[in-house]
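So the protein sequences, as listed, match chains A and B. Here the first sequence stands for residues 5 to 296, numbered as in the numbering used here. Here the second sequence stands for residues 2 to 348, numbered as in the numbering used here.
Mixed in with the good hints, there may be bad ones.
Listed next, the in silico DSBU-like pairs over lysine-lysine satisfying Cα-Cα at most 35 Å (straight line) [claimed, not checked]: (1) A/Lys129 x B/Lys222; (2) B/Lys239 x B/Lys222; (3) A/Lys28 x A/Lys285; (4) B/Lys345 x A/Lys129; (5) B/Lys311 x B/Lys345; (6) A/Lys128 x B/Lys44; (7) A/Lys88 x A/Lys241; (8) A/Lys88 x A/Lys28; (9) A/Lys130 x B/Lys319; (10) A/Lys270 x A/Lys28; (11) B/Lys345 x B/Lys44; (12) B/Lys319 x B/Lys185.
Simulated from the structure, these hints should not be mistaken for laboratory data.
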Amino acid sequence: MDKNAHLYQQMLTIRSFESLLLEKFSTGIFIGTTHTSLGQEANAVGVLSHIQENDVVVSNHRCHGHFLAYGGDPQPLFAELMGKPEGVCGGVGGSQHLHWRNFYSSGVQGGTVPMAAGMALAEKKKGDKVVVIDFMGDGTLGEGIVYESLNMISLWALPILIVLENNHIAQTTPADIAIAGSITQRFEAFGIPVTQIDSSDVLEISPLAGDLIRCVRDESMPQALVIDTARLGTHSKGDDTRPQETVENLWRERDPITIHGARLPKAVRENIRTDVERRIKAAFNEALEGGA
Amino acid sequence: MTEKSNNTVLSSLNQGLHQSLQDDPNVILLGEDILDPYGGSFKVTRGLSSQFPERVITTPISEASITGIAGGLALRGFHPVVEIMFGDFTTLIVDQVVNHLAKFHAMYHGQTSVPVVIRTPMGGRRGYGPTHSQTLEKLFLGVPGLRVLAPFHLQGEDHIGSPGKILYDAVTQGESPTLFIENKLQYLLKLLSESDLTEYTIANRGGSTKSDFPFYELRLKGAPAAQVTLAAYGYMAKLAMDALHRLAYQHEIFCELLVPTQLAPFEVDPLLASVRRTSRLITIEEGTLSLGWGAEVLARASEALGADLKAARRVAAKETVVPAAPNLEAEVLPGVGDIIQHVKEMV
Numbered sequence: 005m006d007k008n009a010h011l012y013q014q015m016l017t018i019r020s021f022e023s024l025l026l027e028k029f030s031t032g033i034f035i036g037t038t039h040t041s042l043g044q045e046a047n048a049v050g051v052l053s054h055i056q057e058n059d060v061v062v063s064n065h066r067c068h069g070h071f072l073a074y075g076g077d078p079q080p081l082f083a084e085l086m087g088k089p090e091g092v093c094g095g096v097g098g099s100q101h102l103h104w105r106n107f108y109s110s111g112v113q114g115g116t117v118p119m120a121a122g123m124a125l126a127e128k129k130k131g132d133k134v135v136v137i138d139f140m141g142d143g144t145l146g147e148g149i150v151y152e153s154l155n156m157i158s159l160w161a162l163p164i165l166i167v168l169e170n171n172h173i174a175q176t177t178p179a180d181i182a183i184a185g186s187i188t189q190r191f192e193a194f195g196i197p198v199t200q201i202d203s204s205d206v207l208e209i210s211p212l213a214g215d216l217i218r219c220v221r222d223e224s225m226p227q228a229l230v231i232d233t234a235r236l237g238t239h240s241k242g243d244d245t246r247p248q249e250t251v252e253n254l255w256r257e258r259d260p261i262t263i264h265g266a267r268l269p270k271a272v273r274e275n276i277r278t279d280v281e282r283r284i285k286a287a288f289n290e291a292l293e294g295g296a
Numbered sequence: 002m003t004e005k006s007n008n009t010v011l012s013s014l015n016q017g018l019h020q021s022l023q024d025d026p027n028v029i030l031l032g033e034d035i036l037d038p039y040g041g042s043f044k045v046t047r048g049l050s051s052q053f054p055e056r057v058i059t060t061p062i063s064e065a066s067i068t069g070i071a072g073g074l075a076l077r078g079f080h081p082v083v084e085i086m087f088g089d090f091t092t093l094i095v096d097q098v099v100n101h102l103a104k105f106h107a108m109y110h111g112q113t114s115v116p117v118v119i120r121t122p123m124g125g126r127r128g129y130g131p132t133h134s135q136t137l138e139k140l141f142l143g144v145p146g147l148r149v150l151a152p153f154h155l156q157g158e159d160h161i162g163s164p165g166k167i168l169y170d171a172v173t174q175g176e177s178p179t180l181f182i183e184n185k186l187q188y189l190l191k192l193l194s195e196s197d198l199t200e201y202t203i204a205n206r207g208g209s210t211k212s213d214f215p216f217y218e219l220r221l222k223g224a225p226a227a228q229v230t231l232a233a234y235g236y237m238a239k240l241a242m243d244a245l246h247r248l249a250y251q252h253e254i255f256c257e258l259l260v261p262t263q264l265a266p267f268e269v270d271p272l273l274a275s276v277r278r279t280s281r282l283i284t285i286e287e288g289t290l291s292l293g294w295g296a297e298v299l300a301r302a303s304e305a306l307g308a309d310l311k312a313a314r315r316v317a318a319k320e321t322v323v324p325a326a327p328n329l330e331a332e333v334l335p336g337v338g339d340i341i342q343h344v345k346e347m348v
């Protein structure tokens with residue numbers, strides 16, 4: 005499979021997983037709540053296609069896409085969301101609290117930023133050339149601990165790439181009534197180099213992320229990447245207060261699957277889709293059948 | 002660990018940290034103003050940055066974030082120790098402790114451990130006023146996954162149970178996140194050794210499956226059967242010892258004193274054994290009364306002993322701020338006189 009087809013397949017894996025999750029949620033199979041990565045697949049895949057085996061990924065409440073792009077298996081993720089012992093964290097963690105290999109996610113906004121900084125400090129002390137990738141959202145910028153942590157991340161030149169996925173909405177609150185001033189200048193104020201891109205195209209995001217990760221690794225210093233993106237789904241299961249027209253426009257203009265899929269011949273696209281949907285469906289069924 | 006004789010609690014803790022850094026290359030210290038020549042607000046870290054410059058890191062005034070950073074260090078193999086300059090500032094670290102450090106092990110289904118030790122001095126009687134004098138550990142007791150330790154100024158054979166040894170063990174052998182409660186007035190107390198304690202019989206009733214840390218039982222040698230069990234920890238255990246002595250010699254009322262060094266998870270059995278003999282229990286703490294350590298201990302004792310627990314009381318701080326003026330502060334915080342009065346009223 006060539007590179008473009010591979011990126012498409014990875015993004016479609018996330019899309020299919022989240023779509024099936026939402027479709028089946030109403031049946032009562034899944035527990036609690038969930039926050040899907042619909043529309044943000046190009047960020048997860050574009051960034052994490054550059055990580056090396058020992059790199060660390062720290063994610064947030066909207067973590068399924070990051071987990072799958074990291075290489076996580078859909079079946080134990082489905083099982084986790086069903087509250088089963090075969091789940092990624094034995095059903096204890098649920099949707100937001102995943103840990104597998106060097107992947108960690110948690111559900112308190114901003115709370116994992118110091119943890120990511122501490123991990124980067126650990127790896128810097130060991131001299132292992134390991135990079136920590138820390139995903140946060142625009143809503144996370146309301147949390148004070150983020151700024152305490154940015155200060156030390158810069159002060160101690162920690163090898164961390166902060167990926168801020170700005171989907172312009174925090175649950176139901178638009179960014180323009182929650183964020184004063186400039187997002188990029190927040191990083192600049194701490195002396196952390198920041199790169200901004202307004203794109204849902206994996207081929208635009210991926211090379212940029214690759215360069216930044218290389219810089220973090222080689223120079224042992226922090227970098228920030230602000231990706232202006234679009235949340236195509238609801239915040240969790242059905243809570244979206246945006247006008248329907250707004251969301252429909254985003255689907256037309258900002259769907260990373262459509263954008264990147266257009267580069268592939270229709271037959272290739274269809275083959276990948278059939279294959280991915282079959283695998284996701286099988287993972288779902290196996291998770292459902294396994295265990296209690 | 003090796004420790005000097007004629008030690009104070011302060012120097013014992015300092016030596017405990019020194020030995021931890023010496024023996025365990027994964028130990029790393031974080032805190033505000035901990036570098037030499039200042040060596041920390043209360044000097045517990047004095048000399049450490051000179052000897053281990055790479056592993057003693059002074060930080061900005063960012064209690065929450067440095068606690069989280071310690072968590073990240075621990076997840077990647079280090080044994081971090083965080084100093085929170087005043088115990089009052091532990092309110093700033095609650096989310097990191099409760100929702101992160103203490104949760105990771107269970108939340109990630111046992112795949113991780115977070116061996117972080119957070120040290121902090123609680124307590125008043127220094128005139129520091131309402132935001133620098135509190136005893137707040139009760140806010141952290143009963144947090145699942147969090148161990149809370151409080152040393153006693155005692156130095157047994159081979160330094161078993163000295164404050165520095167308890168700290169050393171928590172730092173170098175710890176699997177779980179630990180809040181290590183010091184006390185400002187405790188720092189300058191001389192460690193009691195065998196020769197200081199010839200009047201007393203002391204036994205360590207700790208060492209159960211739930212805790213390896215000491216749980217001391219003290220009584221006066223040759224005294225008649227004890228009528229009351231006193232339970233206290235940290236600096237209040239010193240005041241309770243003074244009260245026990247005066248009650249015996251001035252009032253002919255005899256007590257046993259039980260001193261845990263692990264407050265959470267709490268192992269109540271050593272205490273129950275004493276209360277079975279006395280049937281009366283007084284808990285003594287410097288924090289405010291309601292929903293405190295004493296409330297939990299009395300509940301546990303009551304559940305276990307039923308009608309065999311004939312009388313129970315709590316000695317604690319009044320439910321208000323700790324004032325700066327010494328005369329006002331003395332009215333709020335429990336002292337030896339309060340303990341004696343409660344015991345006299347009980348028997």
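Practice task
Against the earlier hints, flag every one the structure doesn't satisfy and list their numbers going up.
Solution key: 1, 4, 9, 11
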